[in-house]
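**Student:** Residue strings, one per chain:
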Amino acid sequence: MPNRKHPSKETTDFILKHAKSSTAFLTLYSGFAYYRLDEAEYSVIIPYMEAPKVRVAASSPIISFHGHEFTAETELALAAESLIRFFEESKKLKKTCVLLPASKALASKMREKGYFAIQAGSEPWYSIKSMQDPRREILQKIHSAKHLFQKGAVAEAFIPKKLTAREHTELEALTHEWLESRKISPLKFLNRLEPWVQSEHKKYFRMIYNGRQMGYLAATPVAGRKAWYLVDLIRADHCPPGTTEFLIAEAMEQLKKEGAEEVTLGMAPLTPTLPDEFPFHPLAYRFMNYSFEKMNLFYNFKSLHAYKDKFKPTTWEPQYLIASTPSLRPTSLYGLSSVILPQGIWRTALGGFWKKIKAIQVEKTLNRMFSPNVILRRFPKSLAEMIIKAKFTLSINAINIMFFIVANDDKGNLLPRFANTYAYQWTRLVQNRFHFQSIDYFFLPSFLHFNHVHIIFNSTLLVVVVGYLEILVGSFFVGMTFTAGMLLSNLLTSIFFLPWIRLLAPTAFQLFSEELDVGASLGIFSCIAVFIYFLKCRRPVYIALALSIVVAAIYQNSVITLNHLIALVIGFGLANYFYPLSRCEALKAKVAREP
Amino acid sequence: MIAIIVSENEVFSKALSSMISGLGYHQALITHHVDEASFFFEKYNDQIKLIIFEVVEEGNSDLPLARLIIQKSELNFVPLIFVSNRSPKIPFLSFHSQDLSRIDRELMRPFTFQHLKQCIALAHERRSLLRNRLIYFGSQHSSGFFEAILVKNLPMHWQEVNVLDSLEGLQEYLAIHSFRVGGILIEPGSLSKKLIDYLAHYKKTTAGIQTPYLLLSTATHEVEPFRLFTDLYYDISNGPDEILSALSRRILYGWEIRDLLVEFKALIKIDPKGTEKRVQALLKKDGERWELRKCLAKMYEIKGDSARAIENYKRVLVSHPCDPATYLGLIELSSPEEKVNWIFQAKLFCPNHPQINGLRG
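Protein sequence lines, in the order shown, are assigned to chains L and W. According to our numbering, the stretch in the first sequence is residues 195 to 789, in order. According to our numbering, the stretch in the second sequence is residues 5 to 365, in order.
Take the hints with a grain of salt, since some may be wrong.
One side only, chain L facing chain W, incomplete, derived with CB under 8 Å [claimed, not checked]: (1) K211; (2) R386; (3) L387; (4) W390; (5) N561; (6) M563; (7) N567; (8) V667.
Keeping only pairs whose Cα atoms sit at most 30 Å apart, straight-line, the calculated DSSO-like set for lysine-lysine is [said to hold, decoys possible]: (9) K323/L <-> K289/L; (10) K730/L <-> K207/W; (11) K575/L <-> K343/W; (12) K730/L <-> K269/W; (13) K18/W <-> K340/L; (14) K207/W <-> K558/L; (15) K345/L <-> K76/W; (16) K207/W <-> K345/L; (17) K207/W <-> K356/L.
No lab work stands behind these hints: they were computed from the structure. None of these values were measured; they are calculated from a predicted model. The beta carbon of each residue, even a glycine, is placed where N, CA and C say it ideally should be.
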């Protein structure tokens, strides 16, 4: 039987009326085929999906008895027999079969007959019939849900057809947001998210808080047990804690009022193995238990189990995988994975990695290092926006490169005529008596660089630090700071330090006053000072950087190296003037309000 | 007091929310959704005291939300601040010119906590200009006030004086115009007990808290029924000009001064010099604000400058003769002879205050 787009009405009615497995309803979605057996006293349907060389059954055999009822044991025997016949027929078509999920009773029966069965997980069942007031009992257990209830959140049933267009759009946006937040790409088979399919047979509940829909769930019937499966549980990314729990509590309350006896949240895969199961497949179970504990990178095995356990289920019913062979063959596993992961394991895993990378909120991560008393500009949303916002930095970089091409030789070394004419030197400045032409001495040196290493280092710092700063505070302020550092650092260094040199080491004065300086680092260091100013822990960073400069100056035996220190001071001064962060105003106010 | 932040940017919203909490707002609600914002406006209504929103680019969902805020008349009295990323030189792209006038201040990123505080103070000041109606209870001296506002055209923000003479009239007027009322002037002797009780009750409402009452008398027997809820006391001989100016400044600079007053006790411990500078700077804006004078007196008292402390405490009593803490300060600092006089005066103006009652003099 080929996979069909939609089941027939007869099949739909059959499954709706007789299914005892929670997953049976989901086989009414598109893509399932149905194996049917009609006998005099009963009929059986086994829904399944076709995969290459494998048929994957999605529910225990659904049995309808014609006339009188049979005992549970007889029903079990019939289910096993039907399953075997399904296996045999598939074998004729050279296909192996896998059934997931199956009950423990059916698995044991099939095991007796020589087929492979392994526990794949557990399903929590909640007996709402025995609860007096499901909503109150759950809210008592889960404080976040209770708190939400007390804050005025409302959970209610709704009918999709009666939603307004705005409400529907909001729910669709919610669903999309939820899917984007998942670790891996959407799964298929019984894990599909299709909340509006077969909606006439489902029940829906939503949670409204502060005038907005924060989450919703869809419940599917399990008529054979007078139960409902809360299959699709969707919440907004920014919903308050307790949203889904509150929704589940309300759903249980409403369903109980309508006569339901049980509710399930669906199978939690790879849950800890039952002790009596271990001897059957010790190695496999060991691996599965290890995966449950440690391998939650792509699927939240452990947290999913913990979440469902929060509601204190009446029972955890183990769920099994049954294969049509004595052992689980690679082809069966491959077929099963191709049905659940239509993109394949590797593409799904890679997709998961990519999602993780995309989920890194760059702005949020970077923002953590900044002081809470300043709000900087938002991080650009695209590369183009980043380039536009860092226009000053990129322009300066371009100018530096142009000058490097003109002023440096083939080996990358600064040509002597440029060094001798345009590099900053205190002696030359004094000799020219600060004439107009000497203005070049202030800004031209910043665009010259001694060698390759010098320009690469400065360009890197420029792009990484100054460019980022420009994105955060704007081109005008960065331009002003860079220019101030560039123009004033050398001059102030000479004015401040050289008199002391003359006083304390007069023989060295001549040497130090003839030191040359080129490079964009002065403007860069001024901007670095501004960047550090906005950090949470600015003081130690300033101290460390200042000490490094001093140590470098001593090591290189160079006074002019201290111009970087002056550049830091200039940057700090400008930042402090334009963006005063006086001893934590917010902290003062907070202290004032403490009792 | 609730502030609403409208932005899709989570990082920005949270950072701003944290800053705003440090400014005395009890709650900062974050939204970027039209329905949620509407819900907040309906639910919290008169508790909303500030809206800050961010519009990043045309077509962003914040824009229709921003327009909704601008069009809601019940929010006319709420300061509205727009946070932008733009450079100062680039003109507005997202708003039509009529929308612009509703925005009280623009705050450009990056900004610090101090910039935010300053911006909020200026926004409040701008919004306060709408509270330009006065209620006058009495009949004898109302003409002087009419003249001061309508004829003399003095530099203050009052536009209208409404003379009322009954409880029903007052209730009716306040029901419609409460947020336009910038002050209530009361001629003592003209009010029934029912009316006085109503005024006391109104003072406890959200609108009433922000509406200063000014009693046109400083006589003990006339002050008595009003002393627990009146903000200012001026003798009519001060003249309508001075009275109206004092009231006007009280409204316009109310937020900035309130902010200092709330933090004052902590600030004098953490940064006494800075606090004194702040108080002095605010006194330049509203020199007769008795609360500021009291703060200044307290600071001088701590510093040990009794003479200046006494001088400032006395100035407090000029516009608020019923403040027990001022009397206690004066009694503490004065000479024994003056102490007796202050105790006597304190018992006259603050008869039921337990500490004052316990004083012997």
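**Student:** Each of the hints needs a verdict: does it hold here or not?
**Tutor:** Consistency of the hints with the structure:
no. : hint              : in the structure
1   : K211              : violated (41 Å)
2   : R386              : violated (29 Å)
3   : L387              : violated (23 Å)
4   : W390              : violated (22 Å)
5   : N561              : holds (5 Å)
6   : M563              : violated (12 Å)
7   : N567              : holds (4 Å)
8   : V667              : holds (5 Å)
9   : K323/L <-> K289/L : violated (43 Å)
10  : K730/L <-> K207/W : violated (43 Å)
11  : K575/L <-> K343/W : violated (69 Å)
12  : K730/L <-> K269/W : holds (27 Å)
13  : K18/W <-> K340/L  : holds (25 Å)
14  : K207/W <-> K558/L : violated (44 Å)
15  : K345/L <-> K76/W  : holds (26 Å)
16  : K207/W <-> K345/L : holds (28 Å)
17  : K207/W <-> K356/L : violated (47 Å)
Of the numbered hints listed earlier, those contradicted by the structure are 1, 2, 3, 4, 6, 9, 10, 11, 14 and 17.
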